[in-house]
Amino acid sequence: MWFQQVVGLYYVLVDIVLVSQYFYFTNIDPPELLVGHALDYDDSIDDDDDNDDNDPYLVDSEPETNGQQQKKPKEKETRSNSSGSPGRGRSRSLASTLIVVVSMMFHLAGASPIAATSAAAALDDGVTLQDLGSVLSWFSTLLYVSSRLPQLLLNLRRRSTSGLAISLFVAAFFGNFFYSLSLLLNPLGHYDYPPYGGGGIAGPDGNSRAEWWSRALPFLLGASGVLGLDAAVGWQWLVWGERAPEDFDERLDGDEEDECLVLAEDTWSRWWPWNGWFEDSPSEEEEEEEEEAKPLVDDRTSLLPSYGSSRG
Amino acid sequence: MSAPYIHAPPDLPPHCEPETPVLALLSQSLGTCLPSYLAFFSTAAGVLSIVSWLFAQIPQIWKNYRRGSVEGLSLGFLAIWLAGDVCVLPSLARSVAGSC
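Which chain is which? The protein sequence lines are A and B, in order.
Each residue of the first sequence is one higher than the one before, starting from 1 at the first, in this note's numbering.
Each residue of the second sequence is one higher than the one before, starting from 1 at the first, in this note's numbering.
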């Protein structure tokens, strides 16, 4: 079928666009750091000097900050996110899902130029994961999983996820989630069938549930693993959030994820989700009382009442 | 006057024996065999999966364009992802020739 190839090429094309953007904006037309305040902002992210308070472009939600406690809570969050579980498997290398799903979308579009394919064959192709046992697919599995690690590490180093469209990871999360669900619900994983059994869902060779799972299970685990890694990015985003100056423009577009819109409202939600998620600043008294090296947990508890969190 | 073209419902896929009339209708209209509700939901989840993937990167591309910057993105992330997608292509093409 040509349609899944088109989709596959589309994926590659989109990836190439992203990589091209990276090189273009890095080497050919790098942003002028002194012009855009948003980029000034970014500089302050990367240099790790913790001198953000001197940054005139930092729109701080806590105007009374002493420059001391500002960054402290981040210390504890340098932990584990980056090293997330090395879940094996692959996320999108859904060759099988592509075949099944694209064939369905293909028919949904009503544009099939070819005779209706044998649905049994189509399902068989996708569901029994015939191709996915190949070395190539395993290699792509490895690539997909490992691709998350550099991004997680970069976020960790920057203490920020600014610049990321979190929707990418949300979409990836749901892509893997639904793929896993699709595998779990697949009748071929539930029953043994004679040839063309199961009402036609089995292929001419029938279906062996055990054999099907022996091939599908690694991919289920893999998709779940990437699911976890994408969730880790999402958690980083919740913890460190976006930096407001970078989002002012995009907020006007209305194209961003609504979650982005929410976070764009607050300036620097680098703490816990409920810090800066519902309100920008904790009460001033609490803020000023905080010690520089105060643990984040204390920090959090002291702030909770002002947010009416159920946690309190 | 020739006889008007008659819209006959498409046949069920070969060997397809849906359990219920609804499933038969779905199988006919979708052109894929969905003999049971389990099969239907499995396929539906697959569709949702691919829909998720189709639009995953567009907001990021737009955001980069708007910002004129890729600050915050990891090249390793993008490049390895691209490599993964390229590696999947041969299996999609159902040909043995792999380019990885």
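By construction, these hints were calculated from the structure, which means they are not laboratory data.
Check each hint, because a few of them may be wrong.
As the list claims (entries may be wrong) - For each label pair, taking beta carbons as the anchor points, the in silico distance ranges come out as:
no.	chain 1	residue 1	chain 2	residue 2	range
1	B	21	A	217	33 to 41 Å
2	B	62	A	194	25 to 33 Å
3	B	22	A	184	17 to 25 Å
4	B	76	A	221	43 to 51 Å
5	A	24	B	22	22 to 30 Å
Claimed, not checked - If we take Cβ atoms under 10 Å as the criterion, some of the chain B residues that face chain A in the derived model are:
no.	residue
6	16
7	21
8	22
9	25
10	43
11	53
12	57
13	69
14	70
Stated by the list, open to error - Among chain A residues calculated to face chain B with C-beta under 10 Å, some are:
no.	residue
15	10
16	14
17	139
18	143
19	198
20	217
21	220
22	231
23	235
24	238
Backbone N, C-alpha and C define an ideal beta-carbon position, used for all residues, glycine too.
### Task
Against chain A, run the beta carbon of residue 57 of chain B and see if the smallest gap drops under 10 Å.
This interface hint holds because 5 Å falls under the 10 Å limit.
### Query
Does residue 139 of chain A pass the interface check with chain B, least Cβ-Cβ distance below 10 Å?
holds, 6 Å
### Task
May I ask you to test the hint 43 to 51 Å on the CB atoms belonging to residue 76 of chain B and residue 221 of chain A?
Given about 23 Å between the Cβ atoms, the range is violated.
### Cβ separation of residue 62 of chain B and residue 194 of chain A, checked against the hinted range 25 to 33 Å
violated, 51 Å
### Query
Honestly, do residue 21 of chain B and residue 217 of chain A meet the 33 to 41 Å range at C-beta?
35 Å Cβ-Cβ, so the 33 to 41 Å window holds.
### Message
Can you verify the interface hint for residue 21 of chain B: is its Cβ closer than 10 Å to any Cβ in chain A?
### Response
violated, 13 Å
### Query
Is the shortest C-beta separation between residue 53 of chain B and chain A less than 10 Å?
holds, 5 Å
### Task
Mind checking the CB of residue 70 of chain B against every CB in chain A and telling me if the closest is under 10 Å?
At about 5 Å, which falls below the 10 Å cut-off, the nearest Cβ of chain A leaves the hint on residue 70 of chain B intact, so it holds.
### Query
Quick one, is the residue 217 of chain A hint okay against chain B at 10 Å, beta carbons?
At 16 Å from the nearest chain B Cβ, residue 217 of chain A fails the 10 Å test, so the hint is violated.
### Query
Regarding the hint that residue 231 of chain A lies at the interface with chain B, is the smallest CB-CB distance below 10 Å?
violated, 14 Å
### Task
Grab the minimum C-beta distance from residue 235 of chain A to chain B and call the hint holds if it beats 10 Å, violated otherwise.
Violated, about 16 Å.
### Query
Taking the closest Cβ pair, is residue 25 of chain B under 10 Å from chain A?
This interface hint is violated because 13 Å lies over the 10 Å limit.
Against the hints set out earlier in the document, violations occur for numbers 2, 4, 5, 7, 8, 9, 20, 21, 22, 23, 24.
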